[in-house]
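Novice: Residue numbers (my numbering), protein chains in the order written: chain A, 482 to 933; chain B, 116 to 437.
Note that these hints are calculated values from the structure, not bench results. A portion of the hints provided could be inaccurate.
In silico negatives: residues of chain A with every beta carbon more than 10 Å from chain B [unchecked claim]:
1) G556
2) F720
3) R844
4) V855
Calculated pairs, DSSO-like style, for lysine-lysine (alpha carbon to alpha carbon, straight line, at most 27 Å) [what the hints assert, rightly or not]:
5) A:K929 - B:K264
6) A:K711 - A:K742
7) A:K711 - A:K653
8) A:K569 - B:K264
9) A:K668 - A:K703
10) A:K674 - A:K653
Even for Gly, the Cβ is constructed at its ideal location relative to N, Cα and C.
Given next are the chains, with one letter for each unit.
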Amino acid sequence: MSTPAVSAGAAGPAGVPPAKPRKSVLGTKPGVVVLFLLPALIMLGALVVYPIGYSVWRSLYDETGDGFVGLGNYGDVFTDDATFTALKNTAIWVAIAPALVTGLGLIFAVLTERVRWQTAFKLIIFMPMAISMLAAGIIFRLVYEADPDQGVANAVVVGVHDTFVESTAYPKASAPNWSDMEGPRAKGPYTTKSTVSAGEPALLPLVGLPPDKVPGDPGPAKAAEAAGDKITGTVWLDFQKGGGGEKGVVDGKESALPGVKVEAVKDGEVVASATTGDDGTFALPKEADGAQLRLPASNFGAAYNGLDWLGPSLVTPAVIGAYAWMWAGFAMVLIAAGLAGVDRNLLEAARVDGANEWQVFRRVTVPLLAPVLVVVFVTLMINVMKIFDLVYIIAPEPVQDDANVLALQLYLVAFGPRADYGLGSAIAIVLFILVLPVMIINIRRLRKEGPR
Amino acid sequence: MSESSAASEFSGPTEPKAPAEAKAGPVTAPSADGTGGRPRPSLAARIASRSGGGVLRVFLILMALLWLTPTLGLLASSFRDPGEMTESGWWTVFTEPSQFTSELYSTLLGNDTITDALVNTIWITVPSTVLVVVFGAMAGYAFAWMDFKGRDWWFVAVVGLLVVPIQIALIPLARLFGDIGVFGSIVGPILFHVGFGLPFAVFLLRNFFAEIPRELLEAARLDGAGEVRLFFTVVMPLAGPALASLAIFQFLWVWNDLLVALIFTDTSSQPLTVALTRETRAFSQNIETLAPGAFLSLVIPLAVFFAFQRQFVSGVMAGAVK
Numbered sequence: 482m483s484t485p486a487v488s489a490g491a492a493g494p495a496g497v498p499p500a501k502p503r504k505s506v507l508g509t510k511p512g513v514v515v516l517f518l519l520p521a522l523i524m525l526g527a528l529v530v531y532p533i534g535y536s537v538w539r540s541l542y543d544e545t546g547d548g549f550v551g552l553g554n555y556g557d558v559f560t561d562d563a564t565f566t567a568l569k570n571t572a573i574w575v576a577i578a579p580a581l582v583t584g585l586g587l588i589f590a591v592l593t594e595r596v597r598w599q600t601a602f603k604l605i606i607f608m609p610m611a612i613s614m615l616a617a618g619i620i621f622r623l624v625y626e627a628d629p630d631q632g633v634a635n636a637v638v639v640g641v642h643d644t645f646v647e648s649t650a651y652p653k654a655s656a657p658n659w660s661d662m663e664g665p666r667a668k669g670p671y672t673t674k675s676t677v678s679a680g681e682p683a684l685l686p687l688v689g690l691p692p693d694k695v696p697g698d699p700g701p702a703k704a705a706e707a708a709g710d711k712i713t714g715t716v717w718l719d720f721q722k723g724g725g726g727e728k729g730v731v732d733g734k735e736s737a738l739p740g741v742k743v744e745a746v747k748d749g750e751v752v753a754s755a756t757t758g759d760d761g762t763f764a765l766p767k768e769a770d771g772a773q774l775r776l777p778a779s780n781f782g783a784a785y786n787g788l789d790w791l792g793p794s795l796v797t798p799a800v801i802g803a804y805a806w807m808w809a810g811f812a813m814v815l816i817a818a819g820l821a822g823v824d825r826n827l828l829e830a831a832r833v834d835g836a837n838e839w840q841v842f843r844r845v846t847v848p849l850l851a852p853v854l855v856v857v858f859v860t861l862m863i864n865v866m867k868i869f870d871l872v873y874i875i876a877p878e879p880v881q882d883d884a885n886v887l888a889l890q891l892y893l894v895a896f897g898p899r900a901d902y903g904l905g906s907a908i909a910i911v912l913f914i915l916v917l918p919v920m921i922i923n924i925r926r927l928r929k930e931g932p933r
Numbered sequence: 116m117s118e119s120s121a122a123s124e125f126s127g128p129t130e131p132k133a134p135a136e137a138k139a140g141p142v143t144a145p146s147a148d149g150t151g152g153r154p155r156p157s158l159a160a161r162i163a164s165r166s167g168g169g170v171l172r173v174f175l176i177l178m179a180l181l182w183l184t185p186t187l188g189l190l191a192s193s194f195r196d197p198g199e200m201t202e203s204g205w206w207t208v209f210t211e212p213s214q215f216t217s218e219l220y221s222t223l224l225g226n227d228t229i230t231d232a233l234v235n236t237i238w239i240t241v242p243s244t245v246l247v248v249v250f251g252a253m254a255g256y257a258f259a260w261m262d263f264k265g266r267d268w269w270f271v272a273v274v275g276l277l278v279v280p281i282q283i284a285l286i287p288l289a290r291l292f293g294d295i296g297v298f299g300s301i302v303g304p305i306l307f308h309v310g311f312g313l314p315f316a317v318f319l320l321r322n323f324f325a326e327i328p329r330e331l332l333e334a335a336r337l338d339g340a341g342e343v344r345l346f347f348t349v350v351m352p353l354a355g356p357a358l359a360s361l362a363i364f365q366f367l368w369v370w371n372d373l374l375v376a377l378i379f380t381d382t383s384s385q386p387l388t389v390a391l392t393r394e395t396r397a398f399s400q401n402i403e404t405l406a407p408g409a410f411l412s413l414v415i416p417l418a419v420f421f422a423f424q425r426q427f428v429s430g431v432m433a434g435a436v437k
């Protein structure tokens, strides 16, 4: 138990110190043995062993417990839609989460060996292990809030997106009814009633957007000048704060609307297109002569709002992300303890032989750590099979079916409106069978290391 | 970092945790920092690995920030003006400190549902922890130092129960607790957590007790101590660290439990986790309760974590299999 803080754990969940042959110090009286053992054995018998037996028996009966259905409930695990979805999702969890978390733990454990503030780093990573899955669930509901003004995940996604893809949409802008343009009241597209010709700059005013809410704060719009046989024009916000200005005229104070796409349309076909510049002007080639101008709906679409983290398709990866946040510290600490026991001479020998750091890691460190990695991986696998709270809290009710896992489905089936103890017991037994191999491994290891 | 090469960074943790054999190794220390007459890495390789160290540090700092941000978000949200919640992100509290207020906490602590639930959490957690430690220690001692027929088989059977999923007992114990009339009270979760806490307790303490030197026990016996006195005056005091690890693990396990309490308690006996879960169904509307409530529920475990790091880590590590 003399483990340095956060840098080493116990030998592992299944580690048993070799027991020495021991004999009672006193010739123990049977009464004393019973006194010491009875409380624990009664509790274990009534609260753990008896339920296993009861569940096996109960799983063979229907929901009311009156009709014997044999293995019917186990068939339902695969044929009942919601339960089968839960089974599939649990399989996805088992396939992804333990490997992801073990990988993160390995990376952190190996990389922090090189830095001086490793203790602080390990504390930070390990901290989520202390809190409840409920608290973690609430924390991640906040992280995954859809509105980029509230959820930090979408704030980051939108920030990155808008850095690389210029946001040019003006969702609130529309063509005023006194202008030359026709279209729906909002969202476009807007098409000019008349056709354009070279030498006559087109004026495409838009309204509906407060001047101080124009993204990117562009400068004032400039009236386009005629340019040979090109078609020119201006798209601008025909509105000044505090009034003033004349409708349909670029007066030099009104805001330009850069990045608006302008299409020239002849007989319903786009013959040319351009995008407005920083001063709101655009220029189309001469093919556009005689065409109508159109501002397509893409100019008026909603701004990019990030990902739908808690929607049906992303909810499981999102919850797995929250799980990795919680458990990476566990993997890291166990692996770091294993790493501390690795003989440095072997690593050094490999380096002297000319191996680079990656080769040392891949060919020496990882194989030496294999036993620890297996323990971590198996522990996580058992844990993931029983995952309940995180999914229950993070997945909003409408997508609960999409995010469902076995342990949650057991709860919903048995303690929800269905109140089906038969199917619930069958799911419990399936979970039990899934961890049975680990139980057998634990027992065998103990028998091998134990006395005789 | 300029005084040390990348090689010594790799093998030179600041804590004295290198294993004994590595310390005793004849060439480890000198060769690790490249001054021991072994072939030094080429200059290029050293520059490469040093700049790699810079990248590494940046990466680790980013990771640490990534791990801190979610909790920070909850903390910041819980200290914000509720009116601002739907207006702007919690991160704006750092640039506009005027949003800072403890209003949500005073509302929360004036909310009887929440304060009652907090009291219930304590009433469930403390007995579960004490009973598991006491029963586990007694059985662990019996398995370690008493002679009786089939002792090792009994112990193996108990260890086999370590990985039994709690889900298997939900339905049977709902029936059983209903029959004996404790369904919907705090007795249900207490019994449940004692039952499922015991395999790990017995396993951990039996292994710890087995390490106690035999001479110590024999000396006490020669002084005339009986088995019961031996247990209380010699064994239990020695087992302090193991009992602390176990108690911390069990305490956190019960404190953080949701599933068991969700099934076996009703609205008058529900712990904090269940009370908050009921609020999550309408998450956005209830964020004013959920943010400070979640923080209230995690501040105790965090305090335990920082106060008892060592016991915490060994307890959680050994018990994670649950």
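Novice: With reference to the structure, classify each hint as holding or not holding.
Specialist: Here's how the hints hold up against the structure:
1. G556: holds (19 Å)
2. F720: Given that every Cβ of chain B is farther than 10 Å from that of F720 (chain A), nearest at about 25 Å, it holds.
3. R844: holds (16 Å)
4. V855: holds (13 Å)
5. A:K929 - B:K264: holds (19 Å)
6. A:K711 - A:K742: Holds: K711 (chain A) and K742 (chain A) sit about 17 Å apart, inside 27 Å.
7. A:K711 - A:K653: violated (30 Å)
8. A:K569 - B:K264: The given pair, whose Cα atoms are some 46 Å apart, is violated under the 27 Å limit.
9. A:K668 - A:K703: holds (24 Å)
10. A:K674 - A:K653: holds (22 Å)
Of the numbered hints listed earlier, those contradicted by the structure are 7, 8.
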